[in-house]
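Participant: Okay, here's what each chain looks like letter by letter:
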Amino acid sequence: MNTQDTGTLPRKALLGSGALRAFIGGRWVIAFLLLETAYFCFRTEGFANLNSAQILLFYGVQVFLLAVAELFVIVTGGIDLSVGYVLGFASIVSIKLIVFLGNAGLPAPLALLLGGAITLVIGLVPGLINGWLVAYLGVPPFIATFSMLGVCHGVSELLINGIYAMGLPQLAADIGNGHFFYLAPGGIVSFFTRPEVERGVQVLEVIPIIVVVTAIVVGVFAFVLRRSRFGRHIYAIGGNSDAAVRAGIPVKRRLLGVYALSSFLASLAGVVYAFMYVSGKADAGASILLDAIAAVMIGGASMFGGTGTVGRTMVGALIIAVLELGLRMSGTPTFNKYILVGAILIFAVVMERYMPESRK
Amino acid sequence: MSDDSGGFLATGLGRSLANNWAAFFLLLMLVVFSMTGQNFLSIVNFQNVVHLQTVPLLLAAAETFVIISGGIDLSIGFVMGLVSVSAARLMQAFLASGLPVGWVIVLASGIVLVGSLIPGLINGIIITRFKVPPFIATMGMWGIANGLALKLCQGFPVAGLPDALPEMGNGYFLYALPGQFMSLFGKPSWFPDARVRELWRLIPFSLPFILAILAVLAFALKRKRFGRHTYAIGGSMDAAVRSGIDVDRHVIKIYTLSSFLAGIAGVFNIFQTGIGNYTTFSAMYELFAVAAVIIGGASLSGGKGRVWSSAVGVLVLAFLENGLAISGVQPFYRYIAVGVLLVIAVVIDKLFPNLR
Amino acid sequence: MEYVLETRDIVKRFGGLTAVDRVSIGVEAGEVLALLGDNGAGKSTLIKLISGVYRPDEGEILMGGKTVRIESPIDALAAGIETIYQDLALAENLDVGANIFLGRERMKRSLGVLKVLDDPSMALEAQKVLDRLDIHIPSLKSTIKTLSGGQRQAVAISRSIYWDAKVLIMDEPTAALGIAEQRKVLNLVRTLKDQGIAIIIISHQMYDVFEVADRLAVMRRGVKVGERVVKDTSPDEVVGLIVGSETVGKH
Ligand SMILES: Nc1ncnc2c1ncn2[C@@H]1O[C@H](COP(=O)(O)OP(=O)(O)OP(=O)(O)O)[C@@H](O)[C@H]1O
Ligand SMILES: [Mg+2]
Chain S
1 MNTQDTGTLP RKALLGSGAL RAFIGGRWVI AFLLLETAYF CFRTEGFANL NSAQILLFYG
61 VQVFLLAVAE LFVIVTGGID LSVGYVLGFA SIVSIKLIVF LGNAGLPAPL ALLLGGAITL
121 VIGLVPGLIN GWLVAYLGVP PFIATFSMLG VCHGVSELLI NGIYAMGLPQ LAADIGNGHF
181 FYLAPGGIVS FFTRPEVERG VQVLEVIPII VVVTAIVVGV FAFVLRRSRF GRHIYAIGGN
241 SDAAVRAGIP VKRRLLGVYA LSSFLASLAG VVYAFMYVSG KADAGASILL DAIAAVMIGG
301 ASMFGGTGTV GRTMVGALII AVLELGLRMS GTPTFNKYIL VGAILIFAVV MERYMPESRK
Chain L
1 MSDDSGGFLA TGLGRSLANN WAAFFLLLML VVFSMTGQNF LSIVNFQNVV HLQTVPLLLA
61 AAETFVIISG GIDLSIGFVM GLVSVSAARL MQAFLASGLP VGWVIVLASG IVLVGSLIPG
121 LINGIIITRF KVPPFIATMG MWGIANGLAL KLCQGFPVAG LPDALPEMGN GYFLYALPGQ
181 FMSLFGKPSW FPDARVRELW RLIPFSLPFI LAILAVLAFA LKRKRFGRHT YAIGGSMDAA
241 VRSGIDVDRH VIKIYTLSSF LAGIAGVFNI FQTGIGNYTT FSAMYELFAV AAVIIGGASL
301 SGGKGRVWSS AVGVLVLAFL ENGLAISGVQ PFYRYIAVGV LLVIAVVIDK LFPNLR
Chain A
1 MEYVLETRDI VKRFGGLTAV DRVSIGVEAG EVLALLGDNG AGKSTLIKLI SGVYRPDEGE
61 ILMGGKTVRI ESPIDALAAG IETIYQDLAL AENLDVGANI FLGRERMKRS LGVLKVLDDP
121 SMALEAQKVL DRLDIHIPSL KSTIKTLSGG QRQAVAISRS IYWDAKVLIM DEPTAALGIA
181 EQRKVLNLVR TLKDQGIAII IISHQMYDVF EVADRLAVMR RGVKVGERVV KDTSPDEVVG
241 LIVGSETVGK H
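Chains as they are written, first to last, in my numbering: chain S, 1 to 360; chain L, 1 to 356; chain A, 1 to 251.
Errors might be hidden in some of the hints.
[Stated by the list, open to error] BS3-like mimics (lysine-lysine), calculated; alpha carbons at most 27 Å apart, straight line:
id	chain 1	residue 1	chain 2	residue 2
1	A	K193	A	K166
2	A	K166	A	K231
3	A	K141	A	K128
4	A	K128	A	K108
5	L	K350	L	K151
6	L	K304	L	K253
7	S	K252	A	K231
8	A	K66	A	K128
9	S	K252	L	K350
10	A	K145	A	K66
11	A	K193	S	K252
12	L	K131	A	K128
13	L	K151	L	K224
14	A	K108	S	K252
15	L	K253	L	K224
[Unchecked claim] Label-pair distances were calculated between CB atoms; the ranges are:
id	chain 1	residue 1	chain 2	residue 2	range
16	L	R242	A	E237	49 to 57 Å
17	L	I348	A	E237	50 to 58 Å
18	A	S139	S	L114	27 to 35 Å
19	A	R104	L	R242	36 to 44 Å
20	A	S139	S	D283	46 to 54 Å
21	A	F14	L	V216	53 to 61 Å
22	L	I348	S	V212	43 to 51 Å
23	L	F46	A	R13	43 to 51 Å
24	S	G138	L	W103	54 to 62 Å
25	L	L117	S	Y59	33 to 41 Å
Derived by calculation from the structure, the hints in this document are not laboratory data. Here a beta-carbon is modelled for each residue, glycine too, at the ideal position from N, C-alpha and C.
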């Protein structure tokens, strides 16, 4: 699949000055995000306020988590097509488990906690199988993870017989859609629970809980990629896997870990999905696979591995999230989003070719 | 690995078994399902399966060329949807302008087929001129084609097309009621529509159509310089460049061909269903096409693959679904089975690397 | 004197091909052994056996006279065998410090509990070893991708000697270098030899061999066809051994 990579383009091609290119390289993505946001702020009424920022982050959490999952895999030079259906699988499994535990007499908070935790453990399984196929049997990541996509899809549908998984306790929705603060007129501030107000009175909701959870998780994984030995090793594997082997890095074990981690993050996204939408379905994450991979690529990672950071991936994901919300709020049909994401994706990779990020 | 593949595999039978395991698997599956599922083993069922696989067969053929060259084309599923929707919109416009139905169909199909060259051309140019990996370039095109298709149809299948379309698309060469009559190209007009199920309908129009296309493609791949260069590029890009092949041009041609075949699939789709369908996310046409090609023995790293083997790959997936359905197994097992088969295909390929 | 490292009748097959066929070589401390042979003679395969990339099908490897089991690169590194490969085996996307410490990263505790990569100290150590070898690289923070061939070679060498190698194996260390950089590498080899390291060097450049090596072994089609003390032989004789026109001498 990588035979058509013949390195970076001749440097003179686009801009004469190397210094200018080096300056633009890696920075244009942030500039793009700012310009895009500014554009929608001016063009779209009601875009420039706290609430739409929260909405954008709230509905973006699945993409953020899958993008981080995909980043880890892409840094090793692989790809994980299964994350979308692992998400769906986890959304179903968590609901089934929580309902089961609830019926077994567990109080709701305990059922949620236990059900969610068990789901995350089960969620490692698809990734471990992917990693085993890729690292130990030499199956190309594309094939291994597509197969896993099929298996997760099938198992999910069998679990719910082609419909939805439902029946979560109210508490799940309260958490999934809850906020840290609620401000009501008259100086009323309430933490975690919505204050009792008369109908029609506006309550300001501040900081969705799951956005904070997601931010913490993303931060932890940014740290892992950047500062841990595991992270250093997966960059080395993506940069030159022969060199990694010869330097004594346990490459197979690391790959196993990376695919397991990817699947874990996808399961987490699935559990979060269940809490947000109080339902689970097989294809819950099917359409955001493109967004997740696009976010990673727009963030400047290379398909061939060895590069990419969580920070820039999040910028890529935000570009897509802002685009989606901006288009929706300006009344443009959302299918324009697909066209634009496709175009930005190609543009980003071309930019990366012409102006590789200069790392100091 | 290769030292222990001495014994059984050295024999002619062993070699051809490992070499064409997909075909043997297909046969095996046909035998098993013939026993487990009533009505499985019948000409009618078989020809229906093949008829319904026309689109996947075309897409797998497209993907075969791309994969042999060492690339991948993720856009074909959505290009197909875009072509199908565009054709439908054009037909509506032509019908409204009062053109005769025959002309409407011919003109619209012709225009979209020419138009279907464009996405592939763009893919090829982006891949060669800008050195964007095929995965990304075609993934971008996936988004663009999907968005354009949805824009054209506003998220609903385009209906109100000539009835002649599905009649032709689902027609048969031979209609007969055993012991009474036989007619070609259509049922006799006096025969009531309600009793059409009693008729024997043999050889769908789609069958010679798809066989001819596959034969031409197989010939081009095996016997023409075009095919030879495709293998050369997939085998070793460097060697191909050094031996004077204009690799960029050839790669552009391959992606254009791929997108054109997706275009044919789109037009066929409209003939078969009578409406302009956009492609949904869960259809995953391109991924199933890749799966069929791999099951047929190609390798994602390029240089290997055959058109007819990919067709066998499509039929393996199709009969798997059909056989499971007829045997009363829940349809969801199909997804799982595809995954397992795919892994088996690659592992077999790993175990016997030097066979093809 | 006793060999630091020795192979005895070591064999490696790839399918039907015997890439290394019952080869026995040995190298002493402070000695440079040159390994010669035509393309495909099996030189690289032999050293990959020693450095744990491949496992031998037959034969044994000894260190200090005792049989050692080298089943993975980690085992070789732990035994003090450092290797600089023909393709250098650097991760081009990482910086100099990260490459020198690849697989053996230094960690530090952050906030008391978390173990994190200690990049500053790795960079400092990298600088020290580069200084010791008199190698200049503009910025240690630059990725390998931006370095010249000679600089890369220098990084690869620094990586090996940083880890107190007993045995250093170099596969065509001067192949891709300019004249000045070749000189530098050969000087490095002499420096390391004086520090008592046993060195095995593969080279196609007769000049290199006669410049730095004490002894040489010649391979042809997987077999060792001859061994000479450098000061008792001539380039002509060696070329004869390599291409096979000379009758096999003292075996
Ligand atoms: N991984 C492998 N699988 C199969 N055959 C191999 C492998 N590695 C090497 N060979 C074969 O083993 C033989 C010896 O190769 P090797 O790389 O050791 O030669 P060399 O002496 O280092 O040559 P050069 O001077 O060109 O570097 C060659 O015929 C080569 O094709
Ligand atoms: Mg060699």
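Participant: Can you give the numbers of the hints that this structure goes against, from lowest to highest?
Facilitator: Per hint list: 5, 7, 8, 10, 11, 12, 13, 16, 18, 21 violated.
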